[in-house]
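S.K.: Sequence:
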Amino acid sequence: MKHTTISLILLILQALVLYLIPTDAAPTKPRLFREYIGANFKNVKFSDVPINPNIEVHFILSFAIDYTASFPSFTNGKFYKFWDTDNLSPSEVSSIKGKHSNVKVALSLGGDSVGGGFAYFKPSSVDSWVSNAVSSLTRIIKQYNLDGIDIDYEHFKANPSIFSKCIGRLITILKKNGVISFASIAPYDDAEVQSHYLTLWKSYGHLIDYVKFQFYAYDQGTTISQFMSYFESQASNYNGGRILASILSDGSGGLSPENGFFTACNRLKDQQLLASIFIWCADNSKARGFRF
Numbered sequence: 018m019k020h021t022t023i024s025l026i027l028l029i030l031q032a033l034v035l036y037l038i039p040t041d042a043a044p045t046k047p048r049l050f051r052e053y054i055g056a057n058f059k060n061v062k063f064s065d066v067p068i069n070p071n072i073e074v075h076f077i078l079s080f081a082i083d084y085t086a087s088f089p090s091f092t093n094g095k096f097y098k099f100w101d102t103d104n105l106s107p108s109e110v111s112s113i114k115g116k117h118s119n120v121k122v123a124l125s126l127g128g129d130s131v132g133g134g135f136a137y138f139k140p141s142s143v144d145s146w147v148s149n150a151v152s153s154l155t156r157i158i159k160q161y162n163l164d165g166i167d168i169d170y171e172h173f174k175a176n177p178s179i180f181s182k183c184i185g186r187l188i189t190i191l192k193k194n195g196v197i198s199f200a201s202i203a204p205y206d207d208a209e210v211q212s213h214y215l216t217l218w219k220s221y222g223h224l225i226d227y228v229k230f231q232f233y234a235y236d237q238g239t240t241i242s243q244f245m246s247y248f249e250s251q252a253s254n255y256n257g258g259r260i261l262a263s264i265l266s267d268g269s270g271g272l273s274p275e276n277g278f279f280t281a282c283n284r285l286k287d288q289q290l291l292a293s294i295f296i297w298c299a300d301n302s303k304a305r306g307f308r309f
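Oh and the sequence shown: position 23 is 40 in this note's numbering, straight run, nothing missing.
Errors might be hidden in some of the hints.
[Unchecked claim] Straight line, CA to CA, 30 Å or less: simulated DSS-like cross-link-like pairs of lysine-lysine:
id, residue 1, residue 2
1, LYS139, LYS174
2, LYS114, LYS139
3, LYS98, LYS62
4, LYS139, LYS193
5, LYS116, LYS159
6, LYS192, LYS174
7, LYS193, LYS95
8, LYS116, LYS59
Don't read these hints as lab results, they were simulated from the structure.
Put together the whole structure using the sequences plus the hints.
M.R.: Given below as structure tokens:
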């Protein structure tokens with residue numbers, strides 16, 4: 018009886034040791050593809066886009082903006098829908114997610130322009146902007162059953178510190194409340210833009226799941242070697258982040274597929290540096306038959 022008890026204890030201890038000691042193989046992250054959708058009002062639907070069942074696919078509704086079109090003015094964090102809501106409705110979100118378990122849908126904030134002018138980040142104060150943003154975005158995210166947010170402000174009437182506090186606190190609260198499961202940022206290589214996003218990254222990078230760097234904002238005709246250099250620089254800037262490679266559907270900026278984009282991506286993949294690819298945007302991809 019005593020021998021049996023000792024053997025049982027040893028078996029339990031062995032099981033605990035095997036459970037607690039980490040294995041050599043780290044868990045692999047799913048392959049991911051992301052595409053903006055709805056900004057250009059070209060009647061594109063989620064169901065138009067070919068979906069690879071073997072990867073995770075994120076559609077990013079673009080855009081929600083803290084601006085009102087009825088009386089053109091900025092609203093200090095009160096967000097409204099500025100995408101093609103006729104074709105990209107809550108029922109369409111439910112339908113595509115119901116048909117494809119690998120699909121998630123996110124919401125992008127800001128963008129380049131609205132109402133014939135720039136879409137500025139323009140808070141009255143950190144506290145008031147965050148309060149309004151949490152409330153208005155929670156309402157939209159729950160209405161559409163969305164999974165995450167993307168930060169794509171490109172013009173600013175607030176310094177980097179204010180931007181960092183507002184966006185950082187917004188992501189913190191939405192994640193803490195279980196409203197979103199991921200967040201991304203979409204900077205590009207411009208001094209003002211980078212100063213704002215790098216300040217945000219320094220304080221809140223641990224809460225940002227993807228850095229969707231706009232490599233297509235570099236000059237048209239970018240070469241493979243230039244792209245690799247740009248990618249290395251941004252991976253250093255956003256150290257520790259999951260950096261995404263990117264293209265424009267029409268190839269009008271950055272490194273195009275015709276000039277070697279996918280060759281560069283394969284090189285990054287071989288170096289285990291490629292987190293994902295994203296495209297701007299499904300609206301324009303539709304006219305080209307979603308070639309990529």
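S.K.: Could you tell me which of the numbered hints above are not met by this structure, giving the numbers in increasing order?
M.R.: 2
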